[in-house]
Amino acid sequence: MLQNSRAKKVAGIILIILALLSVGLAGILLSNTLSNSAVDAQQANGQVRNFTLYVRSTWINMPNGTKMWAFGYTDNPNGQAKIPGPSIVVTQGDTVNITLNDNKDPTRTQFNPDGDGHTIHLHGLDLPSAMDGDPMTAPGGHAVMQGQAYTYHFVAKYPGTYWYHCHQSAAEHIQMGMYGALIIRPANASNQAYPDTPTFDKEYTFVLSDMDSAMHQTDYDGLYKGGSDPNWTKYQPDYFFINGKTWPDTMMDPEDSINATVGQTVLVRLINVGYVVHAIHTHGYHFQVIGSDGRKLDAPYYKDTLSIGPAERYEIILKLDLAGRYMLHDHAEQMNTNNGEYPGGMITMINVNNPDGSNPVPMKQLMQR
Amino acid sequence: MLQNSRAKKVAGIILIILALLSVGLAGILLSNTLSNSAVDAQQANGQVRNFTLYVRSTWINMPNGTKMWAFGYTDNPNGQAKIPGPSIVVTQGDTVNITLNDNKDPTRTQFNPDGDGHTIHLHGLDLPSAMDGDPMTAPGGHAVMQGQAYTYHFVAKYPGTYWYHCHQSAAEHIQMGMYGALIIRPANASNQAYPDTPTFDKEYTFVLSDMDSAMHQTDYDGLYKGGSDPNWTKYQPDYFFINGKTWPDTMMDPEDSINATVGQTVLVRLINVGYVVHAIHTHGYHFQVIGSDGRKLDAPYYKDTLSIGPAERYEIILKLDLAGRYMLHDHAEQMNTNNGEYPGGMITMINVNNPDGSNPVPMKQLMQR
Amino acid sequence: MLQNSRAKKVAGIILIILALLSVGLAGILLSNTLSNSAVDAQQANGQVRNFTLYVRSTWINMPNGTKMWAFGYTDNPNGQAKIPGPSIVVTQGDTVNITLNDNKDPTRTQFNPDGDGHTIHLHGLDLPSAMDGDPMTAPGGHAVMQGQAYTYHFVAKYPGTYWYHCHQSAAEHIQMGMYGALIIRPANASNQAYPDTPTFDKEYTFVLSDMDSAMHQTDYDGLYKGGSDPNWTKYQPDYFFINGKTWPDTMMDPEDSINATVGQTVLVRLINVGYVVHAIHTHGYHFQVIGSDGRKLDAPYYKDTLSIGPAERYEIILKLDLAGRYMLHDHAEQMNTNNGEYPGGMITMINVNNPDGSNPVPMKQLMQR
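These protein sequences, in sequence, are chains A, B and C.
Quick note on numbering: the numbering used here labels position 191 of the first sequence as 191, and the sequence is numbered without any gaps.
If you count the second sequence from 1, you need to add 369 to reach the numbering used here.
If you count the third sequence from 1, you need to add 738 to reach the numbering used here.
No lab work stands behind these hints: they were computed from the structure.
Bear in mind the structure is a predicted one, so any value in this text is a computation, not a measurement.
Note that beta-carbon positions come from the ideal geometry of N, C-alpha and C, so glycine has one too.
Any given hint could turn out to be false.
To be verified - Calculated lysine-lysine pairs in the DSBU-like style (CA-CA distance at most 30 Å, straight line):
#	chain 1	residue 1	chain 2	residue 2
1	B	436	A	234
2	B	603	C	963
3	A	225	A	67
4	A	104	A	67
5	C	972	A	225
Claimed, not checked - Okay, the calculated bits of chain B under chain C, using three or more residues with CB under 8 Å as the criterion:
#	stretch
6	505 to 514
7	596 to 608
8	643 to 652
Isolated chain A, as found in the complex (with noise of 0.2 Å):
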């Protein structure tokens, strides 16, 4: 929810809503679209791809019986938000608009009654102002309201591992579950991060996150019993995930382990959208960092440990030569627990079959623990 200076704000936005109405909504959005219409025409040489997403709250479940309130993005606007969001990938080349719809503000509570509104920053994409997502930059100075809509369009340019989020009372909605993946494949090269990078057989993206359950409390009550928000500054996370979910959670699911066969090359797309540095490690291989941030290294890197601090992106190569079952996890040790308990948290496995599909290590020992 917005900080305390929310009160005297709400005001000043129903001014600005008002302009908005008379100036009218459509029009602003037909100008930012213009103006970069030129530059966009040059670039555009593929698919027409039109996105929605919608914000919704849920519940998240945690292996030891917890349910922690959280918000996010959704493509379904009947479900609960997804956590991460539903990830976009589009081509090089795409013309791309990501409609944000909130029709159905999470935020908006009787102690807020306008709702904070919502945006979607594209981090990465280097987009004018008008499409980057910051309130403040954004026309009419604030978010997308509580029954507005409003189209976040680009071109596709460079190719590489991205991510949205919202920059709304960002602190707040980032930690709340507002996130997803944004890939860009490259043009005519599908099985490469990059032209030039080397092949892969198989790609997953890994949403790194953390998140302190006893602010997700505090901002729920803040919101629906009135109560003060949390004080940021004090963030201390209990639980680490991987695309949302917690070990042994993680590896139960076949997108968010991998899960190969003995001689593929693997592609993994980190994107740490949690608030402290995680330090990535994979048993069994060295991996080559061959880009970051969407952009190729000129001079790539083997490395076991991987840290990647918030809000970094590198993609990594994995050569799978070895048969058998290997951790990938985080090295910060106490972020492999879910709420201190070992282990849980951000670990999932690396699963390299033989050709005939057989493992060297039975899955069910794995369950055990």
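Fit chains B and C to the known structure of chain A by using the hints.
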């Protein structure tokens, strides 16, 4: 203030001071200078630059009305501390003398009658022990004490971004504000960070810091009311600064925000003088990382979010090809707050005007937040 | 100790142990070894090196008189834990066998009657699951339990800096002290970290660690008084070590400080076995970063302050051209303390003598602090 062993050391310090008086402080300074004179003469081909710094206390005004006691350097003996201290900008080949005149030590109180003393560590300059500012290795094995002065001497060798800070009771004195930027420009290339790196039109230095206001209070109480020192391992910062300012003050100052015309290239020198990692993200632009810690990178790379550990420095180049206003901020979102209230802390703006001075985003809408 | 689910698992573990006894542990070991024998034979051209490690407890003496309970590896079955454990130094091409003999498990108490068991994860060696030391993927899906022994086998392939640690209840067992350095020297190049990297005159290995003494106490109480386990997400370290020592003990030991003659080149292998980022700064010198995680960097770079995330390793080269004494320390200043008292923790010295053995800085003045 000095730790618990301070009381026991008073006798020892008095003996050392007496010894120094008999040897003559000037004699020590002279011998330090002479011992490096042969090397210096080879490298010195620039100007002689003399600086004098004093140590003073101050009260930092927070946007929410809080005041935080602090102390730091100043070049004005009649003024308060400047936090960060005055930027020292010299050119490769210059002969530089920086005198620390400890004529009014703000750590000298009835509960700490000798004061702590202070030094200047020229972080990254690789100087002989006597010029290094570590009190352990300084002449006599102690800091520059109340009533003393000491001249740090060097010939500027490698261009780059450095910083200076006190190394006496460093966990305390750096936290309290004793730091400043130190820039060495390349000879004959004032618009490049290093020879053979991109030329820039404008240049900014952003000193990134973090403070724990409760520890500042404890420190003040220790010195003025006789309480015990903070336990630095409990460090949990609640204020986050660019050049000593928190948002929105950062974006009100033309030196603490980026202000340029579309088409210009900007160099930003990032210096993390804080105790935690800061992950600097730029909206609107990727940047090229061209150097770190006073050395050009052989393999520069592009990022939109850069993790900067304590005491690291990075030079980044932004090519501003897109008019508008764009955030530059820490993506550890809890640090984009003033004591927990978002937005605040380590946020500033990149303002890129059209050639006619206009900007697609009215500045006044940024002030509404 | 194992987490809350430990009690429930006792029956399961007993069943597994019985199963293992019937299959024969020796048989499992034999098959593991055989499965890699073809690969090994190609690479093995060195010596056969056999090591045996045991697990024991110890009390770590802090400079301020505090004692901290801990446990770790030792090569002396009649001694206490060594923290860090014995360095294992082998040469590329060596055939290495490391037997973990869990004959006196320090986690076995009346409140934890089976003990936790232990493993050796050879971090960075990329071994088959059976040799990986992850209890989930180890034969039988469990650690080496009290009364068992297990031999980890590998042929040393890539020169570089690695480490080993327990992976059973890893958040606890690593924190408690179960780690050590593992060095692979290149064949025919004992004075280089990797082929084609600078030759060095002297070599040091600095194992960087951090400990939360309150959690050590909680852990001890859990094992010996039946209390509950620490919640690892509340981790807040108060002691910081280089090779298991805190300053000033670090600088008293010739292996935990750098001691060389002007003109010499020194290799330092930095291993972060802790749970937080450490930012290592050298006074007096920049250093060249030549490798990380057991792989040479194609684009080495110079730094004076290097952020090292959990479990990362870096090889750095210092050319010591300046006599004197210079600090090497973490620049997260709160970590240069012993439980909050500065100076302490992760600080040591680089001592560079003149060719005649003299030093411009008397060692005794360092002792005054």
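Hint by hint, here is what the structure shows:
1. B:436 to A:234: Since the Cα atoms of residue 436 (chain B) and residue 234 (chain A) sit roughly 20 Å apart, the hinted pair holds (cutoff 30 Å).
2. B:603 to C:963: It holds: about 28 Å lies between the C-alpha atoms, which stays within 30 Å.
3. A:225 to A:67: The given pair, whose Cα atoms are some 18 Å apart, holds under the 30 Å limit.
4. A:104 to A:67: 22 Å, holds
5. C:972 to A:225: 28 Å, holds
6. 505 to 514: holds (count 5)
7. 596 to 608: holds (count 7)
8. 643 to 652: holds (count 3)
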